[in-house]
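Undergrad: What follows is each chain in one-letter form.
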Amino acid sequence: MPVVVRLPTVLRNSAGGQATVQANGSTVGEVFEDLVRQFPLLAGQVVQDDGTMHKFVNVYRNDEDVRYLEKLDTKVSGDDVISILPAVAGG
Amino acid sequence: MLRLSELTYFAMVGHSLDDLPDEACGLLAGPLGTGKVMVAYRCRNDAASARLYTVNSQDMLRADRDAQSRGLDIIGVYHSHTHTEPYPSPTDVAQAPDPAWHYVIVSLSEAEPRLRSYRIVDGTVTEEPVALERR
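Top line first, the protein sequences correspond to chains V and L. Going by the numbering used here, 37 is the number at position 37 of the first sequence; the sequence numbering is gapless. Going by the numbering used here, 6 is the number at position 6 of the second sequence; the sequence numbering is gapless.
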C-alpha cells in the first residue's frame, strides 16, 4: 500500500512539480528507493550515495523526526505521511 | 523584493532581542514566488548559541503544516547576528537550503537593529530590497 510523501519546494522540480507524491515501501528507506525509481532526479538529494540520510533534510513519519526513531529503517504503513523538509541551519 | 507587514517586521526584531545572548531563528510563510511574508514563525534555536543556529525540527514541521493549512508555503528563514554585520556568513551560504527562499538577517551589532534580506543561489549572495507595508 503506497504512502503519501510530502516534498519541500526545493525538491518539487525534481518530481514533476508535485508537492505530494506516493511511493511504496515498508520502511522510510524503501519508500525513498521507490521515490528515486519514479523520479530519478531525486537521487542523492535525500539519501546520500553512502546510504545515509542527507544532513540538510529533515524527514518525518507523521509528527516524528525519523532521526529520533530508526532513521531510514523506520517502519511505515499505509496511513503514514512522510514529510521531507529542509534542515535549516547557519551561523 | 521582500514585502513585510510592520507586524512581521517587529515580530522578527522582537524575537531577535528576546533571544539574546543567543541567535534567534524563525521561518517565513507566504504565497510562492511573491516575496510577500504573511506569517513569521518563531522557532527554537537548537544550537542555543550566539554564533550558530539550527531550526528545531519540530518547529519546522509545525510551521510548514500551519503554512499549508493557510494555502501558503515556507518561503524563507530569518535569524539574528548578535555581534556581526547583517550579511550572510560563509556557514549561512554553505547551508542555504533553497534557492527560491528569502534569507533575512537581523543584526543587533549596533544600537539600532538592522534587518536585511538576501537571495542565495549557487553560493552567490544578492541583497534584495525590503518593503514595509502597513498591512
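What the hints contain is simulated information worked out from the structure, not anything from laboratory work. Careful: at least some of the hints might be erroneous.
Chain L regions said to be covered by chain V (calculated; three or more residues, Cβ under 8 Å) [said to hold, decoys possible]:
| # | region |
| --- | --- |
| 1 | 3-12 |
| 2 | 45-52 |
| 3 | 87-93 |
| 4 | 110-124 |
The structure displayed is predicted, hence computed values, not measured ones. All C-beta atoms, glycine included, are put in the ideal place defined by N, C-alpha and C.
Undergrad: Could you run down the list of hints and mark each one as holding or not?
TA: Okay, the hints, checked on the actual structure:
With 0 residues carrying a beta carbon less than 8 Å from a beta carbon of chain V, the region 3-12 of chain L misses the three-residue requirement, and the given coverage is violated. A stretch counts as covered by a chain when three or more of its residues have a beta carbon under 8 Å from one of that chain; for the region 45-52 of chain L and chain V the count is 3, and the coverage holds. Evaluation of the coverage hint for the region 87-93 of chain L: fulfilled, as 5 residues show C-beta separations to chain V shorter than 8 Å, against a requirement of three. Residues of the region 110-124 of chain L with a Cβ under 8 Å from some Cβ of chain V number 0, which does not satisfy the need for three, so the listed coverage is violated.
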